[in-house]
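Participant: All chains should be modelled from the sequences, with the hints used to inform the complete structure.
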Amino acid sequence: MTARLENRFADCRAKNRAALVTFVMGGDPDPAISLEILKALPKAGADVIEIGMPFSDPMADGPAIQAAGLRALHAGMKLKDVLKLVADFRREDADTPIILMGYYNPIYVYGVEKFLADAKAAGADGMIVVDLPPEEDGELCLPALKAGLAFIRLATPTTDDARLPAVLANTSGFVYYVSITGITGAARPDYSRVATAVKRIKGHTALPVAVGFGVKDAAAAHEIASNADGVVVGSALIDALAKTLDAQGRGGPATVAAVGKLVGELAAGVASAAKESVRP
Amino acid sequence: MNSQSPKLAPKLAANSLRQGPDARGHFGIFGGRFVAETLMPLILSLEKAYDAARQDPAYHAELKYLLTHYVGRPSPLYFAERMTEHLGGAKIYFKREELNHTGAHKINNVLGQILLARRMGKKRIIAETGAGQHGVATATACARFGLECVVYMGAVDVERQKPNVFRMNLLGAKVVPVQSGARTLKDAMNEALRDWVTNVDDTFYCIGTAAGPHPYPAMVRDFQCVIGDETREQMMAAEGRLPDSLFACIGGGSNAIGLFHPFLDDPSVELYGVEAAGHGLNVENGHAASLAGGRPGVLHGNRTYLLMDDDGQILEGHSISAGLDYPGIGPEHAWLKENGRVTYLSATDKEALDAFQLCSQLEGIIPALEPAHALARIVEIAPKKPRDHLMVLGLSGRGDKDIFAVAEHLGGM
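Which chain is which? The protein sequence lines are Y and R, in order.
Taking our numbering, I'd label the letters of the first sequence as residues 21 to 300.
Taking our numbering, I'd label the letters of the second sequence as residues -1 to 411.
Fair warning: there could be bad hints in the mix.
[To be verified] Simulated coverage check for chain Y against chain R, where a stretch passes if three residues somewhere in it have a Cβ under 8 Å from a Cβ of chain R:
#1 139 to 153
#2 171 to 178
#3 196 to 210
#4 247 to 256
[Unchecked claim] Heads up, simulated DMTMM-like pairs for lysine to aspartate or glutamate below, C-alpha to C-alpha not over 25 Å straight-line:
#5 Y/Lys134 - R/Asp307
#6 Y/Lys140 - R/Asp308
#7 R/Lys46 - Y/Asp181
#8 Y/Lys100 - R/Asp309
[Said to hold, decoys possible] Only some residues are given here: those of chain R computed to face chain Y with a beta carbon under 10 Å:
#9 Ser178
#10 Val198
#11 Gly299
FYI, nobody ran anything at the bench for these hints, they're computed from the structure.
Computed from a predicted structure; not experimentally measured.
For glycine and all other residues, C-beta sits at the position ideal for the given N, C-alpha and C.
Facilitator: If you want it as structure tokens, here you go:
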């Protein structure tokens, strides 16, 4: 486990608020602007950054993140370039935790051991790999833990109490609760159910629980932040980014500004939840 | 040598090649369950339901009844006399899956899965389709049992397989053209998985080939083994002995594994899988031969051979046949390639087109473009075999769906 991730959740807890976890696709719309966006995120109020590793066949993602991945791939992004983004970001920011998020095949082809060594050297803190359930822990999860990187698992509404211990067994960093059954960027979750689910997960683990999928604006961030240790926002940021692109899919300074603006609003939504709830 | 059908000989030798997969769904390093957590509980409950069903004589009896009276099984093992004379070597038989209801082997698997869905109380069926054969079979079974049916089909395939789209609509299915990615079969599968992850409570995903997360590769294979089991009995009846070689085309590989599997432990039977070489194996991204031109990777729930670039991004591939145009292959085939039991060959678009015409003209059977690939290798290999060599083509589907595409390639004939 990396100290950065643990420290950041502890800092937020000390401030009596949830952490804002922001997802952007590495290399979207191009590597240079992507790096500028990464640098802008903490300044706008992001506590943890998830960087998407683009994949041609993102089975669990909705249209926004699919399109973001394709833009990055068209811009020539490869897995090694995502790691370079992390390293470039890390030169200026030693504290913001970075989680790599994506699918297993590019990592498998890159080589598991090499990937873990290079990710660690670049300054990444952990990973979320969507298509690796606990049944396949030997593939990447256990080697990652051994290499000192967090392996963050998704828990979902279909993960019942019988299965939850297996899902949590080798999870580290935080637990990512997927608030709906569905793909990223889908419908708004039912907040009361989310609160119940977070409570249920917390009965099984001491790890922070962050909630994502369907968080689109400050109001939603406020609702989720009232009931969880972290709020994850992805598709909404990508939608904001995509609106600034020209007909050829090129971005500019307005792209960075649009993402920063929404992150600022989301951070305010998260902060506003702190005042009214007393956190344990 | 074990020359009995598996129904008569359920106990397999310790070194049998027919015991896979292991409890975690692995065939050697291939297979597995590489899916999002949301789907994991569904896949586990499917595995449980399938294990229960396969132990239940009532389930088998219902399936057997439908295969006999609805599908028209057993499908004939037909001596292709003029093809044999023309090639001047091996004695060639066709296992005629194209005579099944809906015109292909796909219905064997679909009925098995739909009966399972009914047992599980699922009311909504989703499927992916490439050429449309699996989609038509699924739409057919759903009509028969009054189930809602949604078929995902790449927008490119919707264009090139219009007759099948119309058939599915006529059968009451909703066909969703998939606009994401390359808009062909792999994208249809992505979209079906996205649907399943969203509609977890009432939906059953009826996968069309022997691929995907465990238990699909084993389950689909089991349903398609009726092809090989019948071939075994029919050849014994016709010739008094086992065949010497079996040929089948491979996209995902369900008809091939169904034909081959009952013969895996009979070393005298040569097994040939034929992939789609499209414009040629040396043409970059111009073929769909995952075994010949790919390497191991993880996609759609399983580890198998995949067409991909150096960064692990999946390539589209190409074949004249929409049913073979898939960048992966069932995990058991990947394993059978590595252990050498099956020989994997390929045939180009042009070779398949030639075989398509040859079969039509010599036998009065218009084959689908998919098995025409396997026939293309028979055309090459049969003349080199002695006249007492018994060779079987898995004639997996009929070619009505392909006549317009073929006409276009041949300049209107």
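Participant: Hint by hint, note whether the structure agrees.
Facilitator: Cross-check of the supplied hints:
no., hint, result
1, 139 to 153, "holds (count 4)"
2, 171 to 178, "holds (count 6)"
3, 196 to 210, "holds (count 5)"
4, 247 to 256, "violated (count 0)"
5, Y/Lys134 - R/Asp307, "holds, 18 Å"
6, Y/Lys140 - R/Asp308, "holds, 22 Å"
7, R/Lys46 - Y/Asp181, "holds, 18 Å"
8, Y/Lys100 - R/Asp309, "holds, 9 Å"
9, Ser178, "holds, 6 Å"
10, Val198, "holds, 5 Å"
11, Gly299, "holds, 8 Å"
The structure fails hint 4 only (numbered hints given earlier).
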